[in-house]
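As a plain string of letters, each chain reads:
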Amino acid sequence: MNKPLTSDTTVATATLNAIEKNKHLEGSLLPILHQIQHSLGYVPKESVPSIAKALNLSRAEVHGVVSYYHTFTDQPRGETIIEVCRAESCQAVGGRAIEAAIKENLGIDYDETTEDGKFTLEAVYCLGNCACSPALRMGDDIHGRVTPKKVDRLIKKQREQD
Amino acid sequence: MTIQIFTPQDSTACSVGANDVAEKIQELTQSHDVEIIRNGSRGLFWLETLVEVSTAEGRVAYGPVDEDDVESLLEQGMLEGAQQHPLSLGPTEEIPYLKKQQRLTFKRAGIIDPLSIEDYQAHEGFEGLRNALKISDQEIVDTVKESGLRGRGGAAFPTGIKWQTVLDATAKGECQQKYIVCNADEGDSGTFADRLQMEADPFALLEGMTIAGIAVGASKGYIYLREEYPHAHQILNKAIEIAIENKFLGDDILGSGKPFDIEVRLGAKSYVCGEETALLESLEGKRGVVRAKPPLPAIEGLFGQPTVVNNVISLSSVPIILAKGAEYYASYGMGRSRGTMPFQLAGNLKQTGLVELAFGATLNELLNDFGGGSQSGQPLRAVQLGGPLGAYLPKEQWDTQMDYEALAAIKGVLGHGGIVAFDNTVDMSEQARFAMEFCVEESCGKCTPCRIGSVRGVEVIDKIRSNNNRDNNIVLLSTLCDTMENGSLCAMGGMTPFPVRSALQHFGEDFHQDPPSQLNKS
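If you're matching them up, the sequences are chains U and V in order. With my numbering, letter number 150 in the first sequence gets 150, and the count goes up by one each step, no holes. With my numbering, letter number 330 in the second sequence gets 330, and the count goes up by one each step, no holes.
I should point out that these hints are in silico values taken from the structure, not numbers from a laboratory.
Straight-line distance between alpha carbons at most 20 Å, and here's what the computed DMTMM-like set of lysine to aspartate or glutamate pairs gives:
hint, chain 1, residue 1, chain 2, residue 2
1, U, K103, U, E115
2, U, K150, V, E67
3, U, K150, V, D66
4, U, K23, V, D261
5, V, K220, V, D261
With these hints in hand, go ahead and build the complete structure from the sequences.
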């Protein structure tokens, strides 16, 4: 189950705010999209026409950029994003077991959201935490030297916080 | 006298509990005259959280400290620098891992408070910039050329020559704008030098970019930072604010009349955007698709203007070159690889971390003398050098010197200096498959051999691994690798075959039979 879509007015306001704040910048499309993604948790399809108009681009161009980058999603995601590192350094010290442990704990695969809407699981290719692999990111916090046990503990702690 | 306690704010240190350790120290030392400083990391990551205490004889270290260790450390005299606790490491500078290094670019890492501009200046900060303002633009470029500095991002192109091209190029239009772009899209697995640099000593990067701007006549700089580095993002933005307040950035740098501004821009999780032309596309607000070269970015780069694109470490090495002279920097290293390189030890090693050394050390020295062998206790078997597009090197090649040319001779790449070690439990056919899978995930899609070839590569490797028409499929994989290498614009498609071929060539037994000879032809 995905989170319900945000209301039209919220989307319109967030989009306009992002445009107003960033459109004076050189190459402002990414900063605009980052701000919308950050405030709404996704970049709604409804945002695209206003962005295109403000930047004098075609809607196809804006859509092309949204769909190109892994960061931007056009659907709402869970309250907490868990990104698991799948890259080589983490693989060398049991990263594949961590991937399996998280999938089992949450009962979902990559790019899926738990039924209660709390977690979305994503793969990431390196968090720059390779000296303390395996690593994962939960929200803005990076965790290193992760073990399957620590995975369970972190998820439990996050659930309790909500 | 106030006792200073250093607890790193670095993301890796925090990923293993540095914030909890700092809080605990704060809580338990309230009745003492102590100052807790959140320094950057020394880069000795296997010892994180590394806590240091100032004493009359210098700083002493304890690590790896967990939140639960703080109480016993304090009971056993940590504040007096006592050394009987099992986590005592003695004077920090005497820890062999650190003592044996040659720290030039990272000389301040972990020593200073990253956001204290006073600390930075007390440790030779901005001396390079002050010197640069006394000489002509051409003399700055000449100094960088003479230092022998080559791009530390991976391509190893001589930095001074790139700067010369931008200095000589004429900007178009009325604004006459040239740009300095710092590539901080450090996406290679096994690398964290850029992140450590930005989090531990951000002013060095700002200073390097400013010197570059003055040298080539650019007044605007962008740091293209990967989105995966939220802490570096915060630190850089604060450092820029502080630098502006102190006139090290802005309209009139140190009263010279010269302007230079820096803005941080976030990437959006695209590995290819670490390639300079894709990065420029992304900065312009487009899909991060690679451009064909020529024109070189130095002539037609960001928004079509002459642009220097340099890696974080290249730019952060510039201040010391300007401060101490080209000869000083060039006196380190070997052959055409001058200066130092921050090697990053990662994966299955006991002592992971950043090791800055002059070029010329061997992989064996790094893996054993510094890395301390495998973390698991099993023998090491394979090492991937230079990130996900670098070759897997077998033991027989570990005595190769870390030098751009020596590595090229064995089809290895130094890349950004990442060293990922695997023990004997690794299945190299799985690693070869992953290399192709990564290319599927991250290809920008412009070149067919990369976009489609990587998908076919995964399928073919799956067939080989499942013993389906193996011999023919191994030949097919080899020709597929040829096509990707020769038919892709950038390193994504062009170098994905490196880990694949090297895995087959050196670890053929993991593909369940010796590879036929034609695989080794290139």
